[in-house]
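According to numbering that gives the first Met the number 0, the sequence shown is numbered sequentially starting from 0.
Hints in this document: simulated from the structure, not taken from any laboratory.
Heads up, a few of these hints could be off.
As the list claims (entries may be wrong) - Label pairs and their in silico Cβ distance ranges: (1) Ala-384 / Lys-566: 13 to 21 Å; (2) Thr-111 / Gly-60: 27 to 35 Å; (3) Gly-249 / Ala-347: 19 to 27 Å; (4) Asp-364 / Thr-250: 45 to 53 Å; (5) Gly-338 / Gly-559: 40 to 48 Å.
As the list claims (entries may be wrong) - Here are the simulated DSBU-like pairs of lysine-lysine, each with C-alpha atoms no more than 35 Å apart in a straight line: (6) Lys-270 / Lys-547; (7) Lys-547 / Lys-598; (8) Lys-566 / Lys-547.
The C-beta atom is built at its ideal place from N, Cα and C for all residues, glycine as well.
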Amino acid sequence: MATASHAQPVLDARASIDRAYDFLRWQMDRHHTQMKLGADPEFASYYPTGKTGDIAAVEIGSADSPNPVSGNEGVRLRFLPHKATVGWAGVVFQYPEHNWGERRGRDLTGATKITFWARADQPMDVEFRVGAARSGAFRDSLPPIDRRVTLNEQWRQFTISLVDAAPRGQSSPRPDLSSILGVLSVTVNFAANRHSATIDISDVSADISLLHQPRFLQSYVADGCRLGAPRNIAHVYDQALALLAFLARGTDDDLYRAELIARAMVMAQDKDRTFKDGRLRNAYASGELIDPDCGCTRLPGEVAGDRKTFLEDEMAAGTDTGNMSWAAIALLQLHRRLGDKSDGRYLAAAQRLAQWIVTHTRVDDGLGGFSGGYESHERARGNPAGQARVDWRSTEHNIDAYAMFRHLAAVIAGRSTSERDYWLSQAQHARSFVERMRSAPSEPWHLWTGIQPGGTTINRSPIPVDIQAWAVLGMGVPAAFAPALDWAGTQCRAGNVPDAFDFNCRDGDGAWWEGTAQMAAGFSALGRMREADLLLHSLRQAQSTTGKTAGALPAASKCGLTTGFSKIWPSTGETKPWLFTSSLHIGATAWYLFAAQNKNPYYLVPAND
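Let's have the full structure, built from the sequences with the hints guiding it.
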């Protein structure tokens with residue numbers, strides 16, 4: 000990852016905004032300019048699960064280095080002639096996994112060619128085939144197309160034309176691609192290849208544009224700082240920020256993209272594999288949103304090294320109150336911005352999210368507010384307990400809920416007084432909790448983190464910087480919460496990075512760029528432009544200056560920035576520190592855009608209730 004430094008030119012204010020939007024557009028489109036079919040495991044539509052011939056003579060694993068042209072990971076096939084008995088072996092990229100004709104394949108109608116990259120660790124003759132499934136109740140809908148090549152150590156791109164597969168006499172040169180089970184097979188004849196060898200395959204794709212489809216943006220640009228998060232993760236919170244960033248500028252293209260994200264949220268809500276109660280998951284898989292085999296949304300995860308197991312991200316499967324609130328805030332503001340052009344579906348989706356929060360997380364004790372949500376996977380084989388309700392309460396979640404309920408009340412106000420009053424009462428319930436999280440009069444004015452699990456004990460450490468900034472932005476009266484921003488201005492600085500803020504206050508081990516942008520937005524909301532400008536200059540210095548990622552902000556200034564929090568994996572009880580990556584991040588970039596344009600994402604459209 001390349002970011003600006005004092006030795007490199009820093010983008011000026013206008014260019015930095017333009018490049019940041021360019022990055023969001025590129026990140027939104029990068030997995031949809033063509034259909035990704037196989038080899039890059041977390042983004043694939045087909046899977047290398049079908050062994051043919053001498054099945055003991057071929058092993059399937061992950062390539063140990065990415066394709067240097069695309070940067071994408073691939074599949075490594077190891078062929079072992081000494082284990083052969085019939086003289087050949089192969090691997091088929093199948094959909095669904097292990098589908099030998101029991102189910103239909105994918106519809107690739109519109110494609111004219113399949114492209115892929117390949118190499119071998121030594122010269123070897125290989126046969127590639129499109130349309131490899133020829134038995135079972137379902138077969139590939141086009142006849143097989145073969146191509147024989149000699150591979151060597153150099154990565155090369157290959158193309159197999161599908162037009163040639165159209166039946167003779169057909170008026171259109173388009174083949175029947177309505178059901179493709181085996182999109183690519185790789186076969187090695189051991190009579191011509193007598194030595195053990197490996198073949199790497201990457202970037203299998205079809206020339207079908209998916210740019211018209213509703214979709215989510217991959218949250219990070221994957222690099223060497225992984226920290227356990229799946230490469231294909233698309234956090235719902237980040238999607239809300241991207242939608243709002245497009246709404247903040249509001250060009251025709253921006254509004255089109257905002258609607259694509261909003262439509263993806265509605266689809267994710269409607270097509271959950273288990274829940275039909277209005278919730279979203281914390282994150283989804285970027286790339287293809289809906290798995291056509293089940294007709295349900297895809298969750299992020301990683302393929303294990305043996306290529307046999309997909310490890311779904313447990314945190315993504317849960318539902319946090321704050322994430323749901325941000326999704327509803329984005330949907331409601333888009334609904335209001337569209338006015339008469341809105342057909343009501345975004346409002347309906349936001350209402351379902353809001354009611355889910357009330358039904359499942361409202362707490363009616365002396366402190367009030369809304370609890371954190373639900374964590375882990377739903378009940379299934381291997382997870383009989385299912386999801387667990389968390390009883391901690393977060394100050395920032397309740398700030399989010401307050402703003403969301405206010406927007407909903409404002410939308411409903413002209414239709415139903417009783418419903419407006421209902422949502423306003425929920426907003427007040429969240430607000431009362433936030434106000435009770437204020438430090439004691441004898442202490443410096445700031446907001447505590449929330450309530451610890453299992454009771455009403457205030458969580459006093461760690462204290463995230465975003466609570467203080469979000470209170471200024473989200474509670475509707477910036478000046479009333481200005482002392483919290485002042486406290487953060489002295490207690491939450493990044494000790495080794497000038498004019499930047501850390502995530503957890505009184506720590507200072509590095510810069511959290513998203514939080515730095517939030518503080519800049521908070522200062523701007525208070526009219527304190529000199530303080531905001533110092534932070535904006537620091538943010539511009541941190542922006543990427545390289546290629547398509549120019550203008551993007553990394554999540555943090557270093558790989559492994561501490562937060563002071565730990566995450567507990569419910570399925571195993573394992574506890575791990577929650578750390579931030581230094582990868583380029585759409586959330587940090589969106590917050591920079593809000594701050595640089597003096598926009599408050601909570602209230603791009605005023606919530607006049």
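Return the numbers of the hints above that this structure violates; sort them in rising order.
-> none
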